[in-house]
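Student: Got two chains here, separate frames each, mind docking them using the hints?
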Amino acid sequence: MRVLFDPIKISYQNLNGAKFRSFLTMLGIIIGVASVIVVMSIGGSAQKLILSQIKGIGSNLIGILPGASEEEGPPAMALGITITTLKYKDYEALLDSRKAPDIVDAAAYVTGTALVKSPSETRQVNYQGVTASLINVENVSVEQGRFFIKQEDTNLARVAVLGSATAKDLFPNVDPVGKNIVIKDQSFTVVGVLEKRGSSGFSNTDEEMFVPLYTAQKILLGIDHLTFIRAKVANEANVERTIADVKSTLREQHNIKDSADDDFSVRSTAQALEILTTITNVLKYFLTSIAAISLLVGGVGIMNIMLVSVKQRIWEIGLRQAVGAKKRDIVLQFLIESIFITFSGGIAGITLGGSVAFLSSLVIQKLGYEWEFSLPIQSILFATGIAILIGLIFGMYPASKAGRVSPMEALRYE
Amino acid sequence: MHPLIKVVDLCKTYENEGVKTRAVCGVSFTIEKGEFVSIMGPSGSGKSTLMQILGLLDRPTEGKYFLDGQDTSAMSENELADLRNRKIGFVFQSFNLLPRTTVYENVELPLIYDRIKMSSSNNKKVLSALRAVGIFHRKDYFSNQLSGGEKQRVAMARALVNDPEVIFADEPTGNLDSKTGVQVMEILEDLNRHGHTIILVTHETVTASYAKRIIKILDGKIVSDREVSEKKRQRVENRKNIK
Ligand SMILES: Nc1ncnc2c1ncn2[C@@H]1O[C@H](COP(=O)(O)OP(=O)(O)O)[C@@H](O)[C@H]1O
Ligand SMILES: [Mg+2]
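First to last, the protein sequences are chains A and B. For the record, in the first sequence the residue sitting at position 245 is 245 according to my numbering, with numbers rising by one throughout. Numbering-wise, my numbering comes out as the position in the second sequence, counting from 1, plus 1000.
Same shape as in the complex, but just chain B (with noise of 0.2 Å):
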């Protein structure tokens, strides 16, 4: 069995005017299916355009990257949008959902773009992905009608909804108050209990804690690759029973 992520030297060089800025370089580790892994570091070491990268959305300067065992380097933008659409979900610090758009819309966003799979199954996909998530009963809103918590929620309901391989969520509780923040972690926990590979980028300890796996990076490079253990796990257990 081949692992779900392996990226082998992995470097990205951004060069802006003649300027080059390495963002990430020599990176290498594996993910297998059913792992959830937070990668973390300070603002500006890199994690962002890590993500990006093993998210599709862009390509390393150098290095490997393995999707499901598929060299990802050979391939066409368009082949590479099709694995996004049915392999890859994005939860994004900001949000971004469409504006005038109800949040039934913004969930079903990703099965637009799907032309192959059947479409008469699109409306169970998207009302079950509103019920993971908790937010079926807003599903008639529109989505400038909703709090920083519920958008959140949407965003990861239009993750889901696709069933892919692996959810990246980059700063997700960035933009919300703590308690809020507390539940949409809770929810990226418990999707991760039913089966999906969870990749959480953030610089807080607390947030990443969450996290079976803590990948640290800093300028670029990782510095440490282990386990949480058990006693930081409980602390956060700890803190959930506060509540």
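For reference, chain A alone in the conformation it holds in the complex (with noise of 0.2 Å):
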């Protein structure tokens, strides 16, 4: 127990006579320490601000994109491929209650963007031409007018919706509601405003403008298709078949036997989930190992340093086995004093690398996300280990060098 004990005692009383020294010596280990916890704290926060936007989308969603994909690929249309097989009678078909019992309700999407114009302001926005039932699919509320209704999905009325700060940045000193914009030389009449809802995912509806989707797709884009439906489930235990069910009838609809042929996709949020996890726990753990290399440079410190403690130690060593201790004695006193100075440093690294992230996450919550600070105890114990690892490996020589040393050497050099 001694034996153990007091090689502790000693490191102890090492660094503390020489704090400046020690305090040098362990730098790179509470760089190395500090830089892990940090990326694992801050990165943990960023993948939980990430997920929950995505849950904040909804679990029992189902989002259905032209162009066939892998299953755990990126779906085409976000390599930048316009790919034209959805159709509106395709969405219509997912309304059949008889051909996909458990959907409450679907939307669909157009994209584009189109230079805006307001009595007073110019801007470029990014709009969707939607269904109106996107108020039932989305969790979108108006804040003044009203959304969309049903006839105007194929009427193409000339109304637009606005997202919270496009409202503020078109109409900045007077209420939008009964307003005209121009959108492409074509007069719209602003109906409605949505209520803030910050980012979600990707995208950010308060940056948005929503026209009708016959609207968007004839007037302002030329096109029949479709970029985007997304379908609302009942129940999200029936998610799974509901995907089945989607599948069979877009497969109907486009005269295809083999699910090998399909030219479209369906993803469910869960799934998006899943694959957004794996993407940001290998980014995560990417930027953890590179923080981890800084502590092998702090461990070859830690060998140098050691290498000097037992050259200037010697006579010590000579005198501890004169009175009895064992080369494994020795060995182990040299081993236990460098995993002290790295466990320490660990220590230190952990406080410094945890206030950085506190303050960080202080930093970025005034900036307006919803950031939650957090230092798992795992990372902490991971820095922890890793610490003591780089003081047994990088102790290891000098240790066995202290351990081959000669009594009578030892005690004629004093």
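Bear in mind the hints are in silico, worked out from the structure with no lab data behind them. Glycine residues also receive a C-beta, built at the ideal position from the N, C-alpha and C atoms. Fair warning: there could be bad hints in the mix.
To be verified - Have a look at the derived ranges for each label pair, beta carbon to beta carbon: (1) 406/A <-> 1034/B: 27 to 33 Å; (2) 21/A <-> 1034/B: 48 to 54 Å; (3) 282/A <-> 1099/B: 50 to 56 Å; (4) 1120/B <-> 397/A: 48 to 54 Å; (5) 281/A <-> 1078/B: 34 to 40 Å; (6) 51/A <-> 1078/B: 43 to 49 Å; (7) 1177/B <-> 389/A: 48 to 54 Å; (8) 1194/B <-> 397/A: 43 to 49 Å; (9) 1078/B <-> 389/A: 57 to 63 Å.
Unchecked claim - Okay, derived cross-link-like pairs now, DSBU-like style, lysine-lysine, Cα gap no bigger than 30 Å in a straight line: (10) 284/A <-> 366/A; (11) 366/A <-> 168/A; (12) 401/A <-> 1087/B; (13) 327/A <-> 1125/B; (14) 1087/B <-> 311/A; (15) 1087/B <-> 1064/B; (16) 1139/B <-> 1125/B; (17) 9/A <-> 1124/B; (18) 1124/B <-> 327/A; (19) 1087/B <-> 1221/B; (20) 327/A <-> 1212/B; (21) 1087/B <-> 9/A; (22) 9/A <-> 1125/B; (23) 1006/B <-> 1221/B; (24) 184/A <-> 87/A; (25) 1006/B <-> 1139/B; (26) 196/A <-> 48/A; (27) 1221/B <-> 9/A; (28) 327/A <-> 1179/B; (29) 9/A <-> 1139/B.
Tutor: Structure, rendered in structure tokens:
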């Protein structure tokens, strides 16, 4: 017991005796451990933020995209390819309760960008041509005025609903409802403004503008396909079955016999969540391992200082051997000393990294994100474990060197 | 009964980068339990080398060494460490105390490496060793707060604490003024009176004369081995009385 406890006391006394030098020795480990902690903490919070936004869309939603796609890979649309296989007829078929009984409602989408003019302003705005059912599918709500009505889906009505930020941009001082805006030389009437929602997933509805589906297809874009359909399932438990229903409905619509020939793809939010979790995990661990590399540099510093220490204290090694210490006692002593140094550095690094991550989270919160500070116990254990491991690995060589000192040799050089 | 120490034709040749130095050669003698022996000779004559071999800090290159009847040449490093721990105590010229460590902890050191004996009696052993050399009142001092003479007392207590068969002292007065040196020698004398075997290494005639037997060596060979005459011992006693 004393053989174990003594080296810890000796290390403490040595470190305490030369505070500044000890600090320099540990600096590499402190910085390494701190960066591991920062990356893990901030990475974890960022991951939580992204995933909670996806969850915010709703976990009982199914997305239907044109074009086939690998189960795990990105949809074709994300790669910038336009595929025109998804039509309004498909959307109608999905709403047929005999074909997909669990779908409560669905919304069809096309997207575009246009220059929009209000009486006082001109802005480049991303818009979505959507069915009136959007309000039932996504969790958006109207702040002023109204959303579209069913007839407007197909009657080419020139009406628009603005996201909260777009409304402020185009009408800085006046109530937009009832005012006219000009899109592509066509005059539209603003019928409503949406409540502020914040960014969700990858899009931010606050900064968008909505027009009815046909109006966008025929008047603004000159196309007859859809970019996206989103369907809401009554019960989360029925999502898998409904995906199958959607697939068979669309195959029927497109006269497809073999699932290998599918010209569409169906995704649930749960799947998207899974994929995103995988991607963000890979990112997080990749960044963590880069941060951990700096620990190796710290380890080399520890090895250097331990070699110096063995040399400086060679008479002490000799004395201990003279009073009965065995080779393994000496090796153990120096190993424990180097582990004590890296362990102490690890604790300091965790404190430093934790503080940096905490201060960063305060700043990020000030910037308006729903950021949650987190310092998971796993990251603390991981960092501590790594620090101990570094001490063990880089202390091995100096310790074995100390163990090879012969007592006679050690006592000669005083 | 076998002698405590028996060496036969002992030789030690150092080899450093091809250069061979014959430090000790052809040395034979026996030392009985309870003796007080000085190994005397000029600097470089091989005294420390001989002491390191007798103290199991180094192995001879030739010859046999029996400690307490056991042939030490066949022993492993760990067995030698155990023997050093239980049967041998060392006192060095430069004290060799651990810095930033208390007197008590320095004296306790050999007990820490003794994993067989009960540790419950450690405290008693340390305190009685401290008393035996008259340094009990400094037990909580740090080693670097002591004078040279006090440091050497601590070193003697450390050598004593495991109740060894033999205590080796290599130039124990070498770093002390003559008055403190005398005090240290008197403690060794006292320990011998209480039954401890003492082997003293020195180049000073006066210091050597505290022993009852002097082995003189020159260039690694024994040139004389005799009991100290009463006349000489008397002279030492007189010197003490003058002080
Ligand atoms: N480790 C060593 N390597 C080489 N030569 C040594 C070593 N130790 C001692 N010697 C040599 O052995 C001789 C005896 O040294 P030593 O035993 O220290 O003598 P003393 O203690 O009588 O002064 C000297 O010539 C010394 O240089
Ligand atoms: Mg010497």
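Student: If a hint holds in the structure, say so; if it does not, say that too.
Tutor: Against the structure, the hints:
Look at residue 406/A against residue 1034/B: about 31 Å separates their beta carbons, and that is inside 27 to 33 Å. Taking the beta carbon of each, residue 21/A and residue 1034/B are about 50 Å apart, inside 48 to 54 Å as hinted. One distance hint, 50 to 56 Å for the beta-carbon pair residue 282/A and residue 1099/B, holds here, with the actual separation near 51 Å. Range check, residue 1120/B to residue 397/A: Cβ separation about 38 Å, and the 48 to 54 Å hint is violated.
Separated by about 50 Å at the C-beta atoms, residue 281/A and residue 1078/B break the suggested range of 34 to 40 Å. A beta carbon spacing of about 58 Å between residue 51/A and residue 1078/B contradicts the range 43 to 49 Å that was offered as a hint. Take residue 1177/B and residue 389/A: their Cβ atoms lie about 52 Å apart, and the range 48 to 54 Å holds. For residue 1194/B paired with residue 397/A, a C-beta distance near 47 Å keeps the hint of 43 to 49 Å intact.
Residue 1078/B and residue 389/A have their C-beta atoms about 29 Å apart, which leaves the hinted 57 to 63 Å range violated. For the hint pairing residue 284/A with residue 366/A, the CA-to-CA distance comes to about 24 Å; that is within 30 Å, so the pair holds. For the proposed pair residue 366/A and residue 168/A, the alpha carbon gap of about 22 Å is at most 30 Å, so the pair holds. Annotation: proposed proximity of residue 401/A to residue 1087/B holds, straight-line Cα distance about 27 Å (limit 30 Å).
Taking the CA atoms of residue 327/A and residue 1125/B, the gap is near 25 Å; set against the 30 Å cutoff, the hint holds. Proposed proximity of residue 1087/B and residue 311/A is supported: the alpha carbons are some 29 Å apart, at most 30 Å. For the hint linking residue 1087/B to residue 1064/B, the alpha-carbon distance of about 18 Å falls within 30 Å, and the restraint holds. Taken as a hint, the residue 1139/B and residue 1125/B pair is honoured in the structure, with Cα atoms around 13 Å apart against an allowance of 30 Å.
Proximity of residue 9/A to residue 1124/B is assessed by CA-CA distance (about 23 Å); at most 30 Å being required, the pair is judged to hold. A threshold of 30 Å between alpha carbons decides the hint, and for residue 1124/B with residue 327/A the separation of about 28 Å falls inside it, so the pair holds. Taking the CA atoms of residue 1087/B and residue 1221/B, the gap is near 26 Å; set against the 30 Å cutoff, the hint holds. Only pairs whose Cα atoms come within 30 Å are accepted, and residue 327/A paired with residue 1212/B is rejected, the gap being roughly 37 Å.
A hinted pair counts as satisfied when its Cα atoms are at most 30 Å apart, and residue 1087/B with residue 9/A qualifies at roughly 28 Å. Between residue 9/A and residue 1125/B the CA atoms are separated by roughly 22 Å; this keeps the pair inside 30 Å, and the hint holds. In summary, the hint linking residue 1006/B to residue 1221/B is supported, as the alpha carbons are separated by about 16 Å, within the 30 Å threshold. A threshold of 30 Å between alpha carbons decides the hint, and for residue 184/A with residue 87/A the separation of about 24 Å falls inside it, so the pair holds.
With a C-alpha separation of about 37 Å, the suggested pairing of residue 1006/B with residue 1139/B is violated against the 30 Å cut-off. At roughly 21 Å between alpha-carbon atoms, residue 196/A and residue 48/A fall within 30 Å of each other, so this suggested pair holds. A C-alpha spacing of about 45 Å is found between residue 1221/B and residue 9/A, which places the hinted pair above 30 Å, so the restraint is violated. Between residue 327/A and residue 1179/B the CA atoms are separated by roughly 39 Å; this puts the pair beyond 30 Å, and the hint is violated.
About 18 Å separates the Cα atoms of residue 9/A and residue 1139/B, which keeps this hinted pair within 30 Å; it holds.
Violated hints, in rising order: 4, 5, 6, 9, 20, 25, 27, 28; the structure is consistent with all others.
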